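Chemist: Protein chains in written order, with the working numbering: chain U, 1 to 225; chain A, 226 to 477.
For the record, the hints were derived by calculation from the structure and aren't laboratory data. Wrong hints could be hidden among the right ones.
Here are the simulated DSSO-like pairs of lysine-lysine, each with C-alpha atoms no more than 30 Å apart in a straight line [said to hold, decoys possible]: (1) U:LYS199 - A:LYS404; (2) U:LYS116 - A:LYS392; (3) A:LYS318 - U:LYS134; (4) A:LYS318 - A:LYS392; (5) U:LYS199 - A:LYS461; (6) A:LYS461 - U:LYS134; (7) U:LYS134 - U:LYS116; (8) A:LYS392 - A:LYS404.
Chain A is nowhere near these chain U residues, computed Cβ spacing over 10 Å in every case [claimed, not checked]: (9) LEU4; (10) VAL19; (11) ALA24; (12) LEU39; (13) LEU61; (14) MET84; (15) HIS85; (16) SER110; (17) SER131; (18) GLY144; (19) ALA158; (20) VAL162; (21) ILE164.
Computed from a predicted model, the values in this text were never measured in an experiment. Ideal Cβ placement from N, Cα and C applies to all residues, glycine included.
Spelled out, the chains give:
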Amino acid sequence: MFQLLPLALLGAVLGLDVVSFPQAMISRPLVAATAAATLLGDPARGLLIGATLEMFALETLPFGASRYPEWGSAAVVGGGLFAMHPEGGTGTFATAVLIALVAAWIGGWSMVQVRKLNARLARARHDDVASGSKRIVEGLQVFGLTADLVRGGALTAALLAVAIPTHTFVLARWGSDPRVSRAVVVALAASVAAGAVWKVVHAAPGARWLLLGGIGIGLALLAAR
Amino acid sequence: MSVGVEIPVRTRLAMFVRLLAIQGSWNYETLLGNGIGFCVEPALRLLPGGQGGPAYRAALARQSQYFNAHPYMAAVAVGALARAELDGEAPAKIERFRTALCGPLGSVGDRLVWAGWLPACSVAALAAFGFGVGTAGVVFVFLGLYNAGHLALRAWGLSAGLDHGMKVASALGEPVLRKSPPYIAQVAALVGGVALPLALDRVIGPGRALFGVVLAAVALGGLVLARLHGRVEGWKVAVGLLALFVLYSVVR
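Excised from the complex, chain A in its bound form (with noise of 0.2 Å):
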């Protein structure tokens, strides 16, 4: 653990809300760069010779460039990056690390949070919709449990960086972020297929009538789609098919 300059918690603060809009500038060139640079830029004002010092202005021109990873656990660049400017690490050590973290810090996240979490919240929530909670409840399910995990994962990664420095990879090998993916994806599975059918029988409504005829759909659709993975996207398909109906049912 590092234990370099002390940072407020005033600074950490100020770091997190900024992480909340590290996209803001997201572009093809730079990517998250400007982002990093925008959320580390508070804790760059405790360098020596203060804001606007020739130490700061070094630190956030670095800080500024390209960067790419899951916008969550971008924290963990955050925390460290600034960790590593406070410590005085030299500039071209500091830009090797910058690069190397692009890869881990995406990874991970995608596979824990798009892959992941973000799926099973959202199948979670089409299971309270389909044993017929509430409106209120089934967004406070989904809202509830998602942004449990989105916030803890921002906080403890700023923290994580920040305590850790350039030696924050011991801390992507936390147990959570390796192991919990696959059960994740277990969860997922089995909420999503308790939820599917309930889901469906309250969207259908009037075409109860034809429950029978629309599962035999969704299962060959569904067989379709997963064998089709990666060279078609459903929905589009959705989309052309639903016009096609919606057409029929105007000029018939």
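Next comes chain U alone, as it looks inside the complex (with noise of 0.2 Å):
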């Protein structure tokens, strides 16, 4: 439980990030989850799922109004339950991605009550608004940067509460092949990464030939190596 309080304090201070405060994407997951694996002593093994969550999160830009997952408190989990676990069980890595994805939905969801509470409280503080009240705008401006913080850290230790027991009870089951468990994740991963890489460039003048070009460079330094 000590080690809760850490990972909750991180989360709710990335979960801050995504969109209400300062939006330097310290809330990506090759960071967010980098760092909390480093709270746990093991940096290493927190940018390996770093890397994997920040290739499902390519997919997901934070556009305007649209929902999204928040990756910031998710990668706090899944980074947390990767570190944790420095054996290196066989299925530690599917189902620490597992949970972070699942985390990081429920995550979209607490931003989007969060954002209902704001509406809720600006609707009863029109009047005041409207008449320039400056404590008024700067309150509900601290508020929202409150229930932010609140929000993040409270998700953060409530999906560990849940997901260390549930990580646990996965484990000693586990009955795949190591191998074929890391190749399903990577395979998922990367699949999500390269449609989305397309979806984001395709519409650039000679961009899928740079991308069929980049992959075909990659691919002759890998069998170079």
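Combine both chains into one complex, guided by the hints.
Modeler: In structure tokens, the structure reads:
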């Protein structure tokens, strides 16, 4: 349980970064999962799962009012879970990735609830805002920031409280070959990333050939190793 | 360039820091509106009558209504609206200008940042990861690259808005804003192409024996997801498939 507190605080800060403050992308999985695993003394495992989650996150960009997964606290959960099993059980990676993806989904839902709460408060304070009250304008902003910080922290703590025993339960009964387990996760992550990169770049002149050329260079570099 | 009230450096800094929290009270009714009022507020203290005076309160009320834009490009609006208020423009004119800013600042920012800079920095970091760069190096590549662009864009936006006021449309015609998204996409395509096989190779670990099968699956999966663009979300499909695999691994 002592491990939960720093992870929950990290989840709070990184959850806040997703939209509210400062949107410096410290909440991207590559950073967030690495930070969580670093807290548990194993940054390399954090980077590994962070890179995998980043491939999924490439598809979900935070456009305007669209609803998207919340990767900050989710990556803290995934990175934390993966770092908690340094002995590397065969299903550790696949299960931690799945739990992080589900956490991102739940995190996205929780952000919508905070936005609805902000809307209710803004509606209730409309007359004060319309009178030009500095105290109310700043108060709404501080309330929203605080609510988002609390959301990230509470969500991370709650998810870890459920995910740690679930992870242990699943690992104790894991029956798949470790090579297949890792291959399935990597294939899914890289497929999503490939589709996402294509979606982002396909309209640019010549981008499809640059993408194919890049893949060719990447494969050639691998063959040369 | 506007030559109205001089805005002290301290006020500019206060506005810039507040810009980092512009989405703090984001909601489905006023969207970014309250955040705009929050960020413009330090400049409004320079209005005749000072903080709390009638001009200050009227301007703060005007600036805290509904507004929508990309959060980084909103810096342009914050600067331009602050300058318009300090120049004593007519309230009706400011409101029309405010409404007109929403569309361009949303679409330019979305194309430049969400569909350009962010994925480009993400694939650059994945490439660094694939090339075997260490933990701190990969994180530095991503955060360093991304935030160099992010902070520069916010700072430029605020400065351009404060300098040009209601004539800020000319600043939005900057070649960097108009022409860079296709170039960023081209770089992202090339770097992303190189990054994918290399990152896949580093993550796969014990599954390396199945590398060929995985590559074929990725080619097929990526193709299907690209073809189904807009109709399915790949990550949600992946959650379903991964859940089925975990379930199978537990019950077998």
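Chemist: Against each hint, give a clear statement of whether it holds in the structure.
Modeler: For each hint, the structure was consulted:
At roughly 19 Å between alpha-carbon atoms, LYS199 (chain U) and LYS404 (chain A) fall within 30 Å of each other, so this suggested pair holds. Between LYS116 (chain U) and LYS392 (chain A) the alpha-carbon distance is near 35 Å, which puts this suggested pair outside the 30 Å criterion. Taking the CA atoms of LYS318 (chain A) and LYS134 (chain U), the gap is near 23 Å; set against the 30 Å cutoff, the hint holds. For the hint pairing LYS318 (chain A) with LYS392 (chain A), the CA-to-CA distance comes to about 13 Å; that is within 30 Å, so the pair holds.
Of the pairs offered as hints, the one joining LYS199 (chain U) and LYS461 (chain A) holds, with about 16 Å between alpha carbons and a cut-off of 30 Å not exceeded. With a C-alpha separation of about 43 Å, the suggested pairing of LYS461 (chain A) with LYS134 (chain U) is violated against the 30 Å cut-off. At most 30 Å may separate the alpha-carbon atoms for a hinted pair to count; LYS134 (chain U) and LYS116 (chain U) meet this at roughly 22 Å. Restraint check: the Cα-Cα separation between LYS392 (chain A) and LYS404 (chain A) comes to about 21 Å, which is no more than 30 Å; the hinted pair holds.
Against chain A, the non-interface label of LEU4 (chain U) holds: every CB pair exceeds 10 Å, the least being about 23 Å. Annotated as non-interface, VAL19 (chain U) brings its C-beta within 10 Å of a C-beta of chain A; the closest such distance is 5 Å. Listed as outside the interface, ALA24 (chain U) is inconsistent with that label: its C-beta sits roughly 5 Å from the nearest C-beta of chain A, within the 10 Å cut-off. No Cβ of chain A comes within 10 Å of the Cβ of LEU39 (chain U); the nearest lies about 13 Å off, and the non-interface call holds.
LEU61 (chain U), annotated as away from the interface, has a beta carbon of chain A within 10 Å; the closest lies near 5 Å. Taking the minimum C-beta to C-beta distance to chain A, about 17 Å, the non-interface status of MET84 (chain U) holds against the 10 Å cut. Taking the minimum C-beta to C-beta distance to chain A, about 14 Å, the non-interface status of HIS85 (chain U) holds against the 10 Å cut. At roughly 14 Å, the least C-beta separation between SER110 (chain U) and chain A is larger than 10 Å, which holds for a residue marked as non-interface.
Non-interface call for SER131 (chain U) relative to chain A: violated, since the shortest CB-CB distance, roughly 6 Å, does not exceed 10 Å. Not every C-beta of chain A lies more than 10 Å from that of GLY144 (chain U), the closest at about 3 Å, which undercuts listing it as non-interface. Against the 10 Å criterion, ALA158 (chain U) stays outside the reach of chain A, whose nearest CB is about 19 Å from its own CB. At roughly 15 Å from the closest C-beta of chain A, the C-beta of VAL162 (chain U) stays outside 10 Å, upholding its exclusion from the interface.
Taking the minimum C-beta to C-beta distance to chain A, about 16 Å, the non-interface status of ILE164 (chain U) holds against the 10 Å cut.
When held up to the earlier numbered hints, the structure conflicts with 2, 6, 10, 11, 13, 17 and 18 and fits the remainder.
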